[in-house]
Amino acid sequence: MTRIIRYYLRFALATLCILLAQTSMAGTPVIELRIKDHLFFPETLEIPADTKVKLLVINEDPTPEEFESYELNREKVIPGNRKTVIFIGPLPQGEYPFFGEFYPKTAQGKVVVTP
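In mature numbering (1 follows the signal peptide of the UniProt record, and there is no 0), the protein residues as written are -26 to -1, 1 to 89.
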């Protein structure tokens, strides 16, 4: 195979991978979760069962906070005045608590998975 053909095959494969990734993400619901004054807003997130969800966590505080949930098996530090993405699910019906590791007495919430 000539060098040019291999180049075009690699380019086509890379383009296909990018398009497939964008297509698979297009149907993923996005839910915003804000951190302000060491509290989560909203405190309760409702998501449908058996659905992957993109959680956009926006930290409006100047200090970092850590999103942590043993039940969701997620742990991520969000620096002050920054945002991050956390994917959760697909999950069966139920309640999944989460909390802020740095301010666990105030930063508390839960994900409620409905049928």
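The hints are simulated quantities; they were obtained by calculation from the structure and are not laboratory data.
Built from N, CA and C at the ideal position, the CB exists for glycine as well.
Treat the hints with care, as some may be off.
Across the chosen pairs, the derived CB separations fall in these ranges [as the list claims (entries may be wrong)]: (1) V4 - R(-17): 14 to 22 angstroms; (2) P78 - L30: 46 to 54 angstroms; (3) K57 - T80: 15 to 23 angstroms; (4) E40 - G68: 53 to 61 angstroms; (5) P89 - E34: 27 to 35 angstroms; (6) R(-21) - E69: 16 to 24 angstroms; (7) P89 - G54: 36 to 44 angstroms; (8) G54 - P22: 25 to 33 angstroms.
With a straight-line cut-off of 30 angstroms between C-alpha atoms, the simulated DSS-like cross-links for lysine-lysine are [to be verified]: (9) K79 - K26; (10) K10 - K84; (11) K10 - K26; (12) K57 - K26; (13) K79 - K57; (14) K57 - K84; (15) K26 - K84; (16) K57 - K10; (17) K10 - K28.
Verification of the hints:
no. : hint                             : in the structure
1   : V4 - R(-17): 14 to 22 angstroms  : 32 angstroms, violated
2   : P78 - L30: 46 to 54 angstroms    : 22 angstroms, violated
3   : K57 - T80: 15 to 23 angstroms    : 20 angstroms, holds
4   : E40 - G68: 53 to 61 angstroms    : 23 angstroms, violated
5   : P89 - E34: 27 to 35 angstroms    : 33 angstroms, holds
6   : R(-21) - E69: 16 to 24 angstroms : 53 angstroms, violated
7   : P89 - G54: 36 to 44 angstroms    : 37 angstroms, holds
8   : G54 - P22: 25 to 33 angstroms    : 32 angstroms, holds
9   : K79 - K26                        : 28 angstroms, holds
10  : K10 - K84                        : 16 angstroms, holds
11  : K10 - K26                        : 25 angstroms, holds
12  : K57 - K26                        : 19 angstroms, holds
13  : K79 - K57                        : 22 angstroms, holds
14  : K57 - K84                        : 19 angstroms, holds
15  : K26 - K84                        : 16 angstroms, holds
16  : K57 - K10                        : 12 angstroms, holds
17  : K10 - K28                        : 20 angstroms, holds
In the structure shown, a violation is registered for the earlier hints numbered 1, 2, 4, 6, in ascending order.
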